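Both chains are sitting in their own frames, so use the hints and assemble them into the complex.
As given, the protein sequences belong to chains G and E, one line each in that order. Position 20 of the first sequence, counting from 1, maps to 20 under the numbering used here, and the rest follow consecutively. The numbering used here runs 1000 ahead of the 1-based position in the second sequence.
In short, the hints are calculated from the structure, not lab data. As the structure is a prediction and not an experimental result, all values here were calculated from the model. All residues carry an ideal CB built from backbone N, CA and C; glycine is no exception. Treat the hints with care, as some may be off.
To give an idea of the interface, some chain E residues facing chain G are shown, with a C-beta separation under 8 Å as derived from the structure [stated by the list, open to error]: (1) Gln1098; (2) Arg1149; (3) Lys1151; (4) Val1153; (5) Cys1176; (6) Pro1223; (7) Trp1224; (8) Leu1231.
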Amino acid sequence: MQQERQQILILCLSDSDLASKTVAWSVYDGSRPPGDVQMQTGDETEPPYASVLTAMQDGWRVIQLPSLPSYARGHEHETGHLPYEYVLERMVTIDARS
Amino acid sequence: MPVLDKEYLLTAQQMAEFVSLGYLMLPEVVPSGLNQAVHHDLQSYHGAGGRFWFENPHIREVFEIPVVKGALQSLVGPEPIYDHSAVHVVGPSHSQAQSYHADSIIDTRPLGFDVQAFYFCHDTPDEMGPTLILPGSHLRRVNTASIARYKNVAGQRRLACKAGTVVLMHHGIWHCAQPNRTETMRYMFKLRLRPRVEQRNLFNGDDVDDPEVRQLIYQAYQPWQGNEARLDHMARARLWRYVVGNDAADVSFEGAFARMKI
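Looking at chain E on its own, in the form it has when it is part of the complex (with noise of 0.2 Å):
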């Protein structure tokens, strides 16, 4: 697959987007006609919600889009491993939320993250259900439903969209599913990718010296961070320093890579 022409990657004010808060909203990138041909698809589909990948065509097209294939191969590079993908359906009038979970199991590289690419087919008002996630929270290291018994958290946010959103998510980060108060069966597919290759200047980096990019690390405090929040700070200048490529790049709480020689 060739390497898409970086007006298609995310920008450096996005990625640090990404790094600090664990999620990228892409909205209504998708064509209006591809999403209504994927929502009538999942309408009709009757089989396991982990084949839909490999038996719709419509859903290829979406993640063939330059700007979202774009953004993928920014996170994690060219030709990614496929990992798993699945139809999360919520049904009509389903008052029972999900509880808190982050996905998977506990990941131990220290650095590298898989990408888990939500896509909406059809607009999802607050009332429908969008995907709860708690901002700031993917490098917490937290144990799948360990977090279950929290129940409200400040700054979390349910990710009302409109048709045709695509919303990468950092695997670590804490999100459910909540209830559908509409009488519509909504729906979203995921789509988790791995990657091949270490993540390391994947993205476009004509603008990585912007100070507002800076600006973006320093500033993604969390209301629910308390007193642990300059050690996600901590955490998040250290992947920044992954994703650019530079081990020297020090947007640390304080400068304190510096000061303390890490």
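The shape of chain G in the complex, shown without the other chains (with noise of 0.2 Å):
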């Protein structure tokens, strides 16, 4: 029996331009078997797409863009998470009998 499954990959960029630079990445891929290694960390050195346009380029779907910045008064210089994060999606077909 075909069923769909959703793979997941976030792409952090280096700014807000949606073909910028990316800086990092993670893939959760649903349809891998539970118990199966997912993406870990160090486990590569460069991303899969150079970027969130790449990535659309090659079919993935854009379901989540970052909120722009804001930088309150006093704490202009603070930083923290990688702000430029956006999540795509695939869906794909696995046979659920294997």
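What follows is the structure in structure tokens.
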């Protein structure tokens, strides 16, 4: 029986331009069976796509754009998480019997 | 405890590296015989990892080596407070990596910091799962595993090293354990220390005005920092001003401290 599963690709870019450079990335692959090793920290040195735009051109759909950072007076120079984080998805078909 | 001779303290260049990257590697500073003794003791130790520091004389010797003690004194001052210690073990053929995290809880000190010393008593090549760190991440405000969904980050570095290496880390650095693809147990001993004193001017500052030292801070931009890179520069310039004990020191981005009267 054929079923659909979701793959999530998270790309953090260097700025808010969707064509800007990927600086961090993760894949969560719902098509892999439970117990399978997913992408892990440190297992890749090159991102799967150079930018969000490149991923879109390969069929990934953007499902979340980050809000642009706001800079409160007195805290303008503070930093934390990677602010330009995009979530993309792709649906894939699996054979549920396998 | 007497203050060590300044030949054992960190130089300004080493301090600038720590301030900029959030860690400083002291390669092969522990002699081979002591490494072997600690390794042997760890292999036969069955107590709680947090007790090893209190029960094993060899591990205490490691932290009495002048170059190790001097480096720690340069960062957290003489007679730092013991916070905690741990024996971190990654078993043979362990395929699961740890998620990225920053240790402890969000630290509310504006500039003060704890140091975590990671001691590798045996050769720890890349395939054996040396700790993965993200250089330059130590001054970003995150909460423990709030960074866990980042799996790979440009510029991340596994601390592959030879036996006897001690890596000193700022408490805030993003890091995680890695899979061990060898058939041998991987050990790493961690000691966290916090300062009793303000961490100002604790190192050997003979080379503090060396242009190369300033350049280290100016040029420590990391590939993952993107549009925030100049803000990361400001953060390390603030920390530098603190550790050199000179509130007029200005290695900020385009002299922003002076321009903005910071």
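Structure-based check of all given hints:
no.	hint	in the structure
1	Gln1098	holds (7 Å)
2	Arg1149	holds (6 Å)
3	Lys1151	holds (4 Å)
4	Val1153	holds (4 Å)
5	Cys1176	holds (5 Å)
6	Pro1223	holds (7 Å)
7	Trp1224	holds (4 Å)
8	Leu1231	holds (5 Å)
Checked against the numbered hints listed earlier, the structure breaks none of them; every hint is satisfied.
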